[in-house]
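**Student:** Those protein sequences? They're chains A and B, same order as listed. Counting with my numbering, you get residues 1 to 241 for the letters of the first sequence. Counting with my numbering, you get residues 1 to 448 for the letters of the second sequence.
Read the hints as simulated data drawn from the structure, not as lab findings. Ideal Cβ placement from N, Cα and C applies to all residues, glycine included. Careful, some of the hints might be misleading.
As the list claims (entries may be wrong) - Chain A stretches covered by chain B per the calculated footprint, using a threshold of three residues with CB under 8 Å from any CB of chain B:
id : region
1  : 96 to 109
2  : 119 to 126
3  : 153 to 159
4  : 174 to 188
5  : 197 to 210
What follows is each chain in one-letter form.
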Amino acid sequence: MPRWGMIIDLDKCTACQACTVACLAENNVPFAGPEETSMGRAILWHEVIGGIEGEYPDLWATFIPRPCMHCDNPPCIKVCPVGATYRREDGLVMQDYDQCIGCRMCIVACPYEVRYFNWRNPQWPEPMDQYLNPDQGPPQPTGGRGGPDVRPRGVVEKCTFCVHRLEKAERKAQQEYREMSEQELTLLPACNQTCPASARYFGDLDNPKSTVSRLARGARAFRLLEDLGTEPKVIYLKEGR
Amino acid sequence: MARVIAEQDMILLQPIMRTGLRFYLLVAALLAVITWGFSTYYRQLTEGLWVTGLNRPVVWGLYIINFVFFIGISYAGTLTSAVLRVTQAEWRRPITRVAEAITLFALLLGASQVIIDLGRPDRMIKLITHGRLQSPLLWDVGTLAMYMLGSLTYLYLPLIPDVAILRDHLGTQVPAWRRRLYQILSLGWQGNAEQRRRLEKGINIMAVFIIPVAVLAHAVVSWIFGMTLRPMWHSTILGPYFLLGAIFSGTATLVIAMTIMRQVLHLEAYITIKQYNYLGLLLLVMSLFWFYFTGAEYLTTFYGDLPDEMTVLLSKLVGEFSWPFWAMILCNFVVPVSILIWKRGRGVVGTFISGVAINIGMWLERFTIVVPTLTRPRLTFYGIGIYRPTLTEWGLFASSAAMFVLLLALFLKLFPAVSIWEVEEGREIVAAKQAVASIAASSEGPVR
Ligand code: SF4
Ligand code: SF4
Numbered sequence: 001m002p003r004w005g006m007i008i009d010l011d012k013c014t015a016c017q018a019c020t021v022a023c024l025a026e027n028n029v030p031f032a033g034p035e036e037t038s039m040g041r042a043i044l045w046h047e048v049i050g051g052i053e054g055e056y057p058d059l060w061a062t063f064i065p066r067p068c069m070h071c072d073n074p075p076c077i078k079v080c081p082v083g084a085t086y087r088r089e090d091g092l093v094m095q096d097y098d099q100c101i102g103c104r105m106c107i108v109a110c111p112y113e114v115r116y117f118n119w120r121n122p123q124w125p126e127p128m129d130q131y132l133n134p135d136q137g138p139p140q141p142t143g144g145r146g147g148p149d150v151r152p153r154g155v156v157e158k159c160t161f162c163v164h165r166l167e168k169a170e171r172k173a174q175q176e177y178r179e180m181s182e183q184e185l186t187l188l189p190a191c192n193q194t195c196p197a198s199a200r201y202f203g204d205l206d207n208p209k210s211t212v213s214r215l216a217r218g219a220r221a222f223r224l225l226e227d228l229g230t231e232p233k234v235i236y237l238k239e240g241r
Numbered sequence: 001m002a003r004v005i006a007e008q009d010m011i012l013l014q015p016i017m018r019t020g021l022r023f024y025l026l027v028a029a030l031l032a033v034i035t036w037g038f039s040t041y042y043r044q045l046t047e048g049l050w051v052t053g054l055n056r057p058v059v060w061g062l063y064i065i066n067f068v069f070f071i072g073i074s075y076a077g078t079l080t081s082a083v084l085r086v087t088q089a090e091w092r093r094p095i096t097r098v099a100e101a102i103t104l105f106a107l108l109l110g111a112s113q114v115i116i117d118l119g120r121p122d123r124m125i126k127l128i129t130h131g132r133l134q135s136p137l138l139w140d141v142g143t144l145a146m147y148m149l150g151s152l153t154y155l156y157l158p159l160i161p162d163v164a165i166l167r168d169h170l171g172t173q174v175p176a177w178r179r180r181l182y183q184i185l186s187l188g189w190q191g192n193a194e195q196r197r198r199l200e201k202g203i204n205i206m207a208v209f210i211i212p213v214a215v216l217a218h219a220v221v222s223w224i225f226g227m228t229l230r231p232m233w234h235s236t237i238l239g240p241y242f243l244l245g246a247i248f249s250g251t252a253t254l255v256i257a258m259t260i261m262r263q264v265l266h267l268e269a270y271i272t273i274k275q276y277n278y279l280g281l282l283l284l285v286m287s288l289f290w291f292y293f294t295g296a297e298y299l300t301t302f303y304g305d306l307p308d309e310m311t312v313l314l315s316k317l318v319g320e321f322s323w324p325f326w327a328m329i330l331c332n333f334v335v336p337v338s339i340l341i342w343k344r345g346r347g348v349v350g351t352f353i354s355g356v357a358i359n360i361g362m363w364l365e366r367f368t369i370v371v372p373t374l375t376r377p378r379l380t381f382y383g384i385g386i387y388r389p390t391l392t393e394w395g396l397f398a399s400s401a402a403m404f405v406l407l408l409a410l411f412l413k414l415f416p417a418v419s420i421w422e423v424e425e426g427r428e429i430v431a432a433k434q435a436v437a438s439i440a441a442s443s444e445g446p447v448r
């Protein structure tokens with residue numbers, strides 16, 4: 001069983017936000033509009049966070065593309081009262097839209113703030129509502145919806161590592177009696193595929209020969225809020241600052 | 001055998017037999033506020049939680065604050081009925097009834113706050129059908145259900161003899177449906193020795209049962225915060241702090257309710273300066289404890305100087321939350337202590353003012369626990385969150401408070417405000433003691 005993880009090379013990243021946009025389109029993320037966005041209601045499964053750090057004259061800029069970390073020890077799952085968020089065997093942390101009761105306890109528990117609540121019914125301006133991604137997420141254990149399926153109001157959603165694309169590619173490789181190639185895997189999530197700087201990798205962290213596991217063991221590797229013990233599976237690369 | 005009721009206690013039946021215009025006006029006003037609340041809730045149900053001021057990262061707001069607030073108030077009954085009963089404090093007798101009623105109604109409203117807060121209240125049933133035990137939210141569901149059941153029993157048991165009194169005394173002065181109600185609720189109570197023995201036993205068992213349940217319930221409420229990794233929430237003090245806060249605000253609410261009751265229903269003969277003195281002392285002690293707990297927590301955080309914790313702490317001490325923070329210190333510590341420390345201050349007026357101040361202060365305390373932490377995510381790159389509650393949230397707060405008052409008012413309309421038989425029993429005990437004392441005095445020797 002693989003353990004899917006992502007590498008983001010901050011030394012290559014130009015903070016162009018192409019990943020953020022690709023994610024919005026791929027996963028049918030509803031539009032918030034300027035007013036709701038200014039109130040902090042925008043949904044961004046993937047976001048580039050960062051800013052200026054240090055004190056004058058010793059200043060530097062940090063940009064961190066931030067999907068869900070798909071923690072190996074996820075605090076979000078622990079607190080969910082109904083099992084609407086759960087960890088799959090391959091390490092993906094999933095969200096079941098038909099099971100969630102909207103208590104928002106998981107949002108409070110996630111130290112990376114990657115979870116989003118649907119404050120209202122999803123909306124798209126014309127003609128964007130014509131171009132929704134018809135792909136469907138994998139069926140949930142309760143028979144509910146997950147992945148890019150359009151979410152109803154009142155439930156929580158978050159990055160899935162593009163689970164629907166992953167499963168499609170897995171099925172295809174199986175039918176063709178082959179393993180997925182490194183290249184294929186790295187370009188699997190929509191954010192990775194779009195990245196013009198080729199700063200992102202995706203693959204099996206448990207496979208010692210894979211690019212991701214090799215990079216994860218490198219000297220430049222670090223993870224966000226590592227001291228919290230959440231064991232995130234998104235690993236960043238950075239040389240000094 | 002119909003129970004006889006002392007002539008002097010007839011005043012307790014007055015409000016049940018006669019209803020004045022004032023009562024109808026009160027009910028009408030409360031219903032107006034409640035209707036407004038329901039209309040705003042209907043809008044929230046149909047349009048989603050965006051009608052509130054909640055956002056990311058402040059995903060919890062007034063609803064959760066009010067949840068903690070109402071659950072905190074519920075400690076009133078547990079304290080007077082269970083703790084004071086177990087410790088055999090005689091002065092509790094006239095105020096047990098109202099305290100137990102406060103407990104039940106506050107719990108009902110507290111629990112409804114969580115439902116108001118849910119994004120999908122229509123899926124609430126999943127908490128039972130798919131509940132997962134490791135979630136602190138499920139601990140809440142479990143303990144609160146137990147607490148509610150316990151306090152309902154606790155309200156009902158000591159009510160039985162009084163309902164029997166109503167059944168036997170009111171006759172045709174009340175409408176038929178109420179006669180039937182009393183008939184059913186009195187469970188054929190005749191007041192004979194066997195029934196009394198069983199009642200006492202039941203009450204005693206419940207007293208011992210409900211204290212740990214209440215302690216657990218108040219701690220569990222705190223753990224929906226304490227079990228997360230958020231700065232200034234992830235602390236072991238939160239459980240005891242919430243319990244202490246519950247005793248504090250529960251007692252304060254009891255003082256407010258019994259003062260209003262005393263004025264409106266003319267219960268000066270029952271609720272005397274003695275009750276005020278004792279409750280005032282209790283509030284004084286709790287206020288000092290509260291200050292100590294708060295100080296201990298804040299000093300530890302301050303001295304440790306961890307950056308994540310410090311940003312939250314500073315936002316309370318000197319930042320945008322300094323208003324509620326220092327107002328809280330004023331209401332919970334400065335005002336009550338400077339009034340209640342004097343014997344003269346522990347009268348009706350002084351204790352009442354302290355009670356009001358403490359209730360405001362304890363609401364602010366919950367605010368300064370819930371909101372500042374949420375505005376300061378650990379990943380500082382996110383910036384600072386802002387939370388401005390909307391009219392919907394205030395409306396639901398107002399109507400929840402109105403609902404609480406309404407339930408209490410209706411309850412006092414149907415049942416005696418003071419537990420008649422318990423007061424009676426208190427008098428018997430005093431009489432017996434006096435008799436013993438006079439025998440002892442006349443025989444000039446120890447009585448065996
Ligand atoms: S990053 Fe947050 S939402 Fe994602 S798995 Fe970790 S705790 Fe859960
Ligand atoms: S908001 Fe949904 S997923 Fe999150 S803890 Fe509540 S029920 Fe679980």
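**Student:** Now look at each hint and say whether the structure bears it out.
**Tutor:** Cross-check of the supplied hints:
no., hint, result
1, 96 to 109, "holds (count 10)"
2, 119 to 126, "holds (count 3)"
3, 153 to 159, "holds (count 4)"
4, 174 to 188, "violated (count 0)"
5, 197 to 210, "violated (count 0)"
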